[in-house]
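Throw the hints in and build the complete structure from the sequences for me.
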Amino acid sequence: MRSKKQLSFFVETTESDDDLIRFTNSFEAFEQTRLNHEKKSYWNAFNLVPTQEEVGIALGSKYFNKVICEFAANGNASEFHRLYNEVAASEVWEYIAIRTAVNYLPKDNNYHEPLTGE
Amino acid sequence: MSGTKKIKLFFNIEGKESNIEVEVKRPTMAIRDKVLIEQERFHEELATINLHYPMTNQMIDKAQKVRKEYSDKNLEITETELQTKLTADLNSLSIAEMNKQAESQKQDIYRLECKLNLSIAKIIIDPTKLLANQKEEFATDIDSDFWQNTDMDEVEEAVIFFRRNNRI
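These protein sequence lines are chains A and B, in that order.
Here the first sequence stands for residues 1 to 118, numbered as in this note's numbering.
Here the second sequence stands for residues 119 to 286, numbered as in this note's numbering.
Hints were generated in silico from the structure; no laboratory data involved.
For clarity, every value in this text was computed on a predicted model and none was experimentally measured.
Yeah, the Cβ is synthetic: ideal placement off N, Cα and C, and Gly gets one too.
Each hint should be verified, as a subset may be incorrect.
Here are the simulated distance ranges between beta carbons [to be verified]: (1) A:F23 with B:K224: 38 to 44 Å; (2) B:T258 with A:N85: 21 to 27 Å; (3) A:S78 with B:K180: 56 to 62 Å; (4) A:V49 with B:L164: 25 to 31 Å; (5) A:E31 with B:E197: 57 to 63 Å; (6) B:E221 with A:F23: 46 to 52 Å; (7) B:A220 with A:N47: 43 to 49 Å; (8) B:Q225 with A:A101: 53 to 59 Å; (9) A:Q52 with B:N168: 21 to 27 Å.
Derived lysine-lysine pairs resembling DSSO-like cross-links, with alpha carbons at most 30 Å apart [what the hints assert, rightly or not]: (10) B:K183 with A:K66; (11) B:K203 with B:K183; (12) B:K152 with B:K240; (13) B:K180 with B:K143; (14) B:K203 with A:K66; (15) B:K186 with B:K218; (16) A:K66 with B:K224; (17) B:K152 with B:K253; (18) B:K183 with B:K224; (19) B:K224 with B:K186; (20) A:K66 with B:K143; (21) B:K233 with B:K143.
Put into structure tokens, the structure is as follows:
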């Protein structure tokens with residue numbers, strides 16, 4: 001039975017933001033950057049701030065996401081706030097992927113032609 | 119670029135129906151974090167509620183143990199036998215009292231779930247698209263007449279859809 005005041009919701013969506021994040025994370029730019037970092041320091045931007053293990057999922061995730069936004073903002077405070085508060089998470093990741101690709105420097109100077117299979 | 123995300127709000131106020139289409143905010147990192155904070159608050163409050171009903175929790179635990187004992191021996195236990203057994207163990211409360219407490223606990227949890235869904239709905243919906251009176255009603259507390267007469271199942275459906283879609 002319908003009540004006096006009733007509110008109904010319908011959500012329409014064409015693409016999942018999470019699918020876009022996964023797609024962006026599969027970019028070769030990230031893989032090559034990881035391969036180039038053979039010796040990693042124990043400390044990094046993600047464990048120098050409170051982590052999910054230390055302070056719980058909600059607060060830990062907040063700091064993780066803020067570090068991601070700071071990477072993308074590259075030290076620009078107003079851009080950092082814009083990315084965190086106004087831009088979809090998938091777009092922040094995409095921005096980092098593009099910047100990583102553009103700034104990519106190979107570790108050795110050898111030029112490797114990708115195999116074509118011919 | 120993320121796809122269009124919209125929510126349609128159908129108002130039926132004083133018999134006068136109106137509907138507006140409201141965009142859901144973009145799933146920004148801030149929105150994701152706010153949803154997670156509400157989720158964490160929900161779990162904390164749920165734990166507090168459960169602490170208020172130690173007897174029902176004790177009863178549930180004991181009922182599970184008794185059922186397991188019987189199933190381990192390949193025996194079946196009827197609800198009456200189970201209740202008799204539990205009454206013998208927990209003789210401080212009558213079965214009727216326990217059932218009353220269990221019902222009360224269930225209602226408290228349902229109310230808490232509604233509060234969670236409502237909080238998330240308020241986070242994900244852009245209120246700037248609402249009309250002035252709708253905005254006012256939408257911003258009210260869960261105890262308000264407006265939300266008390268709202269179909270919470272549909273609010274929940276919208277919230278679940280948003281969360282599943284954005285893996286929050």
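Quick rundown of the hints versus the structure:
Distance hint for F23 (chain A) and K224 (chain B): a CB-CB separation of about 42 Å, consistent with the stated range 38 to 44 Å. Evaluation of the 21 to 27 Å hint for T258 (chain B) and N85 (chain A) yields a pass: the beta carbon distance comes to about 25 Å. Restraint check, S78 (chain A) to K180 (chain B): a C-beta distance of roughly 59 Å satisfies the suggested window 56 to 62 Å. Between V49 (chain A) and L164 (chain B) the Cβ separation comes to about 28 Å, which falls inside the hinted range of 25 to 31 Å.
The given range of 57 to 63 Å is respected by E31 (chain A) and E197 (chain B), whose C-beta atoms sit roughly 58 Å from each other. Judged by the Cβ atoms, the range 46 to 52 Å given for E221 (chain B) and F23 (chain A) holds: they are separated by roughly 48 Å. For A220 (chain B) and N47 (chain A), the Cβ-Cβ distance of about 44 Å falls inside the hinted range of 43 to 49 Å, so the restraint holds. At about 55 Å, the CB distance of Q225 (chain B) to A101 (chain A) agrees with the hint of 53 to 59 Å.
Checked against the hint of 21 to 27 Å, the pair Q52 (chain A) and N168 (chain B) passes, with Cβ atoms roughly 24 Å apart. Between K183 (chain B) and K66 (chain A) the CA atoms are separated by roughly 46 Å; this puts the pair beyond 30 Å, and the hint is violated. For the hint pairing K203 (chain B) with K183 (chain B), the CA-to-CA distance comes to about 11 Å; that is within 30 Å, so the pair holds. For the hint pairing K152 (chain B) with K240 (chain B), the CA-to-CA distance comes to about 11 Å; that is within 30 Å, so the pair holds.
In summary, the hint linking K180 (chain B) to K143 (chain B) is not supported, as the alpha carbons are separated by about 46 Å, beyond the 30 Å threshold. Distance hint between K203 (chain B) and K66 (chain A) is unfulfilled; the C-alpha atoms sit about 55 Å from each other, more than 30 Å. In summary, the hint linking K186 (chain B) to K218 (chain B) is supported, as the alpha carbons are separated by about 25 Å, within the 30 Å threshold. Distance check on the hinted pair: K66 (chain A) and K224 (chain B) sit about 38 Å apart at the alpha-carbon level, beyond 30 Å; violated.
For the suggested pair K152 (chain B) and K253 (chain B), the alpha carbons sit about 20 Å apart, so the restraint of at most 30 Å is met. Proximity of K183 (chain B) to K224 (chain B) is assessed by CA-CA distance (about 21 Å); at most 30 Å being required, the pair is judged to hold. Taking the CA atoms of K224 (chain B) and K186 (chain B), the gap is about 24 Å. The hint holds against a cut of 30 Å. As the CA atoms of K66 (chain A) and K143 (chain B) are separated by approximately 19 Å, the hinted pair is consistent with the 30 Å bound.
Of the supplied pair hints, the one linking K233 (chain B) and K143 (chain B) holds, its CA atoms being roughly 20 Å apart against a limit of 30 Å.
Figure legend: structure checked against the earlier numbered hints; hints not met, in rising order: 10, 13, 14, 16.
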